[in-house]
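There are 6 protein chains.
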Amino acid sequence: MFSVTVRDHMMIAHSFHGEVFGPAQRLHGATYVVDATFRRPTLDEDNIVVDIGRAAEELRVVLSELTYRNLDDEPGFKGVNTSTEALAQVVADRLADRVRAGALGEGGRELAGLVVTLHESHIAWATYERSL
Amino acid sequence: MFSVTVRDHMMIAHSFHGEVFGPAQRLHGATYVVDATFRRPTLDEDNIVVDIGRAAEELRVVLSELTYRNLDDEPGFKGVNTSTEALAQVVADRLADRVRAGALGEGGRELAGLVVTLHESHIAWATYERSL
Amino acid sequence: MFSVTVRDHMMIAHSFHGEVFGPAQRLHGATYVVDATFRRPTLDEDNIVVDIGRAAEELRVVLSELTYRNLDDEPGFKGVNTSTEALAQVVADRLADRVRAGALGEGGRELAGLVVTLHESHIAWATYERSL
Amino acid sequence: MFSVTVRDHMMIAHSFHGEVFGPAQRLHGATYVVDATFRRPTLDEDNIVVDIGRAAEELRVVLSELTYRNLDDEPGFKGVNTSTEALAQVVADRLADRVRAGALGEGGRELAGLVVTLHESHIAWATYERSL
Amino acid sequence: MFSVTVRDHMMIAHSFHGEVFGPAQRLHGATYVVDATFRRPTLDEDNIVVDIGRAAEELRVVLSELTYRNLDDEPGFKGVNTSTEALAQVVADRLADRVRAGALGEGGRELAGLVVTLHESHIAWATYERSL
Amino acid sequence: MFSVTVRDHMMIAHSFHGEVFGPAQRLHGATYVVDATFRRPTLDEDNIVVDIGRAAEELRVVLSELTYRNLDDEPGFKGVNTSTEALAQVVADRLADRVRAGALGEGGRELAGLVVTLHESHIAWATYERSL
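Chains as they are written, first to last, in the working numbering: chain A, 1 to 132; chain B, 1001 to 1132; chain C, 2001 to 2132; chain D, 3001 to 3132; chain E, 4001 to 4132; chain F, 5001 to 5132.
Worth flagging that the hints you see were computed from the coordinates, not collected in a lab. It is possible that part of the hints are untrue.
Coverage of chain C stretches by chain A, computed from C-beta distances (three or more under 8 Å per stretch; other residues unrestricted) [what the hints assert, rightly or not]:
#, stretch
1, 2004–2012
2, 2019–2027
3, 2057–2070
4, 2098–2105
Here a beta-carbon is modelled for each residue, glycine too, at the ideal position from N, C-alpha and C.
Pulled out of the complex, with its shape left as it was, chain A reads as follows (with noise of 0.2 Å):
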């Protein structure tokens, strides 16, 4: 099996419900390293999983949708704890629905499955994986 990860990042504000998250109830922020691995079991006619250029320019496009916001704001995520696996699995189910639409060309559709890290700090960080 062979993968190919690219990284960028956001910056959000947001807040929990539910006493397990003691201060993080509180209007806060996180930075959140995003690293995008799409996987493929074998290499297109190019060699290459998927071009490295145009993956990361869909993980920005996901991210800018994102970046900059009090995510308590916005309506898709009105009442829902908007933890680091919960974005993880946000920012991958919206990138399988780019690639499904073609975002990564006809190569793309090759493609088995992709895994979303969201790093929030140096000592924590979650993963959501799916396939394709």
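Using the hints provided, position chains B, C, D, E and F relative to the given structure of chain A.
The following block gives chains B, C, D, E and F in isolation, referenced to the frame of chain A:
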């Protein structure tokens, strides 16, 4: 599949038995930067895999029983080569025991697996993964 | 010259005033990974610059007054752009106050200077350095 | 499952064929920081997956045949796009050949798989994994 | 003293002249992860050293004139050993030219100095610092 | 001012004397990831500060006299607290002796200074800098 990872470290002395270890047969030491990954197929009602604060605290407790010690003098490691990979299993198994005992709450019992990585330097690390 | 550095982090929300900031004028957030460096021309009688454990604890205390907050709502930051470089100075000055008040013991009074770096992402960070 | 990973690097020149590569069609170069992971379901009699020193030496030998070269001039890569993911496979396959030839000793024959990751920058890397 | 640092990268081919370089006399290549630090004794009216977005853009422009090239073929480097430290100076001097030409606005003219670090691998890097 | 930095590591056991050290008074250990920086105001005739390969070799030699040892048993450290900052000075001074003895060639005698950083974990490091 979702996962959450927390990072901590321990600083131990030890020596190895066996010619394969060369100069590492002498008493020496290591800082192990330890990553503990908790895996779960779905998120809980708070939209998380596990509370990152509690996960970090459990890892801290497990490492506190190992750090600042000469492992050659620990009864549990008599005659055992405490290699990086062997210690990864020790940390993972002790975390698993705590999870099963309820240290991460009822939700912790939904965890599917654990992965523990010990970084012994910037150029070498070892991992042990197990189900729960 | 000797120095010792300890690393910790904080997670805050804020917004900026001024066209130069573009989308960062919206309420958003950041994880700041914070490195605090303590400088001293000679070592003390224990052969150290400062006890790493105590230095880490002082940094933790300073960051605990900032983390998990919306800085726009903090009285001390009313009308202030809490840029990465400005926050580096805030952390350094508060650490300096604590050192002068004796939080690092008598030896802390021998420190020559402080350097504080805040990493806002994997591709941007800011530093403030000052004497003591 | 256990694994041990060692890190090394190589510095090569190459160019790519195909419009998808844009400016990377020109002769350019890369430092690849290479992580080679050796996987094994159980530890050997020395309580290790593989001797880290020997694993590092085998990786060094494989990389020494690639580093400080223009890959466009290497007979084995004539007409081949030496993308990061393709080179990950080259390194993994050459390591696999050496392991099967006994370079890691008899214990090396118990290895279940290899994973090789090539980091081409701080924001992009590629991986190839295979069984042994 | 305040500073702001931004990180980007370039990927080039080159060769060196001189026996000291050993195998690096052959045509090979490197990814340089480049950190550009802008220093200023006080903050401007927006409470910043320099806008991080503009600083990143200026660094990108400077690197775009070097990346994806064989430096041996560039007229400006004829007969010059483009070592990591020499390239750090090239990047710093070109950034300095742009700052003095006003690329960072009037505030950019208040900058006191620049530091440029080029990382050629995980185990080697070089720095050039200069005043402005 | 130019500088070149090379990274290596050592793995040692030791214990500390003094209540300030708490549990670190017990025999324990550390991996020190060591960065050695060589500073020079101008480049030599090969357009370098120092050959990176030779610098790395000199660092390796200095660390080989410390690694895989219990520093408590080394005659040179009898009764000495081998703190991270104190060891940074030991490494820097031994490198300086070698440079002055000509280990880096005649050009090495043009070096202006050395900076040595020892990383004891992902959250703590210490530095010693000196002139040459």
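Hint check:
A stretch counts as covered by a chain when three or more of its residues have a beta carbon under 8 Å from one of that chain; for the stretch 2004–2012 of chain C and chain A the count is 4, and the coverage holds. With 4 residues carrying a beta carbon less than 8 Å from a beta carbon of chain A, the stretch 2019–2027 of chain C meets the three-residue requirement, and the given coverage holds. Coverage of the stretch 2057–2070 of chain C by chain A holds in this model, with 4 residues showing a Cβ closer than 8 Å to a Cβ of that chain against a need of three. Using a Cβ-Cβ cut-off of 8 Å, 0 residues of the stretch 2098–2105 of chain C lie near chain A, which falls short of the minimum of three, so the contact claim is violated.
In summary, the structure is inconsistent with hint 4 from the numbered list given earlier, while agreeing with all the others.
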